Amino acid sequence: MQDPSRSLTLCPLGAEDCPLCAEVRRLQEEFGHLQELVNTDPLTGLFNRRHLMNALDQEMERTRRTGLPTGLIMLDLDYFKRVNDTYGHPAGDEALKWTTGLWRDNLRRIDIPCRYGGEEFSIILPGTRLSVAVKVAKRLQIVLQNSPLLLLGQQVTLTASFGVDTFTSIEELSVRAFIKRTDHYLLEAKVKGRNQVCYQKPEPAKQTPEVTVDERAALSGMSAAPEKGATCKKRTSVRD
Amino acid sequence: MAVEIAPKSPKPLMACLSSGKGGVGKTSLTVNLAFALAQKGLRVLVVDGDLGLANVDVLLGLQVKTNIRNIMDLEADPMEAVVYVEPGLGILPAGSGVPDMANLGPEDHRQLGEILRSIAGNFDIVLVDTAAGIGASVLWFNTLVDYNILVLTPDPTAMTDAYALIKVLSRDYHRKRFHLLVNQVKNDQEGRQVYDHLAKVASHFLNLNLVYLGAVPRDEAVSKGVRSQAPFIKVSPQSKAAQAVSRHAEFFLNRIAQRSGGQKKVGEAGG
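Chains as they are written, first to last, in numbering that gives the first Met the number 0: chain V, 0 to 239; chain X, 0 to 270.
Everything labelled a hint here was simulated from the structure, so no lab data went into it. The structure presented is a predicted model; accordingly, all values stated were derived computationally and were not measured. Among the hints, a few may not be true.
[As the list claims (entries may be wrong)] Taking lysine to aspartate or glutamate and the EDC-like style, the derived pairs with C-alpha atoms no more than 20 Å apart in a straight line are:
#1 Lys175/X / Asp145/X
#2 Lys179/V / Glu22/V
#3 Lys10/X / Glu113/X
#4 Lys189/V / Glu119/V
#5 Lys96/V / Glu60/V
#6 Lys189/V / Asp77/V
#7 Lys199/X / Asp213/V
#8 Lys199/X / Glu209/V
#9 Lys175/X / Glu209/V
[What the hints assert, rightly or not] Listed next, the stretches of chain V that the computed footprint assigns to chain X, with coverage defined by at least 3 CB atoms under 8 Å from CB atoms of chain X:
#10 132-144
#11 154-161
[What the hints assert, rightly or not] To list a few chain V residues with every Cβ distance to chain X over 10 Å, as calculated:
#12 Leu36
#13 Tyr86
#14 Glu119
#15 Ala176
For each residue, glycine too, the CB sits at the ideal point set by N, CA and C.
One chain only, chain V, in its complex shape (with noise of 0.2 Å):
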């Protein structure tokens, strides 16, 4: 198929050097040069809030159609603020480039790590089950804590909390839930201390979950089962 961009460019009258199909060419690249930038948070080079709404609600629709879950990491860098404090917000602002840096070089081609706001972070993490997902996190976690820059001549040792969430095909969850719901994970690990990963711990395996304790022991013949409406209703006769 012919790029429609390019057709644009070629001059109807095949006129080589046509003023006006060079100004078409012009204008496409800053618009898409522009596109990029209203996409990309200007600081640290990542997509920004706009794109995150975006390509999440495209994840999650891809989810919805091929049944692979899409994951989310929301996390927050911890005592942001004392490094602002400390060393100033030029130095802080180098810290956050030099993190995004580490994010960039510890995730795949396929994820899309964005700036939420402030020191916070999000990355989808396209097709990506929960276990996956938590050691995604875990991996940047200690990325992080091992990784000590310099600020002013001073070394310092920043690290981050994480909050891990999956959204699959059987739930119902708009774009902003999904997040909402990621969110409470990051505030766990901030109440719980910082630096740490928290997500939805997976029920320990039973042997068959969906079986009460009381059905499991009319089941095994234990209990006499039915207590309440004892007789059976009438029993459907045989194949019937």
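The hints should help you fit chain X onto chain V, whose structure is shown.
Same frame as chain V, but now just chain X:
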């Protein structure tokens, strides 16, 4: 290519045989039931719904050339995947050993549903042999069919697992009618006891009336059939298990006869 015979009825009867617990003889019963129905003159399709670890083909020693996975990927004619073991008995093999078949997404389920419906029209009855457990594919197959048949043995864990499947299907998928087929019983009385017990619990806790389809006795002919990769109903037609399965096949014959307003002639044992 599509089968030459025109469909007798537009909508075939569809039944799912599930168990909750593995190893209760579900696949063996499905296959033998299919043979019994084919012997009675019905056009039968067995769908191997054990998508991750299909074994109907193994049980029958079939050489499978293509499978559901190939149809879904290559959009081939679904009828090409049907292997005929007898003129009136087709098997639709799943992707044996293809792990991703067990993890189908909603889109795949839609496509698989369309494939099944397009094939089913060529048959009088479709029997789906699902995987064990209460995984997504088991639940999905069970929502597609007219009859949900639970295969279990007198073993307490088989009863609990069958109950768990009934509970999930009724609670989350609004299925209300379940037929029990009790396998590997000492005698008919034991089958009846197992049914009575489970029916009582299901009535009390789930407000459901379970239906007793019948029992199949424990029989050396069954394991002999599995070993020789041939259905016991053919190898040992006089065995107790074969006779029981043949009796249960009549249940479906009657249902199909009722559906077609009693006008349809289905085999010599029908009615």
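Status of each hint after checking the structure:
1. Lys175/X / Asp145/X: Since the Cα atoms of Lys175/X and Asp145/X sit roughly 11 Å apart, the hinted pair holds (cutoff 20 Å).
2. Lys179/V / Glu22/V: With a Cα-Cα distance of about 45 Å, the restraint between Lys179/V and Glu22/V is violated, given a limit of 20 Å.
3. Lys10/X / Glu113/X: With Cα atoms ~14 Å apart, Lys10/X and Glu113/X stay inside 20 Å; holds.
4. Lys189/V / Glu119/V: It holds: about 12 Å lies between the C-alpha atoms, which stays within 20 Å.
5. Lys96/V / Glu60/V: 31 Å, violated
6. Lys189/V / Asp77/V: Holds, at roughly 8 Å.
7. Lys199/X / Asp213/V: The hint holds at about 13 Å.
8. Lys199/X / Glu209/V: Holds, at roughly 18 Å.
9. Lys175/X / Glu209/V: 17 Å, holds
10. 132-144: Violated, because only 0 residues of the stretch 132-144 of chain V bring their Cβ atoms closer than 8 Å to Cβ atoms of chain X.
11. 154-161: Our answer is that it is violated, as 0 residues pass the Cβ test (under 8 Å) against chain X, missing three.
12. Leu36: 35 Å, holds
13. Tyr86: 49 Å, holds
14. Glu119: Non-interface label on Glu119/V holds, nearest chain X Cβ at 32 Å vs cutoff 10 Å.
15. Ala176: Holds: least Cβ distance 20 Å, greater than 10 Å.
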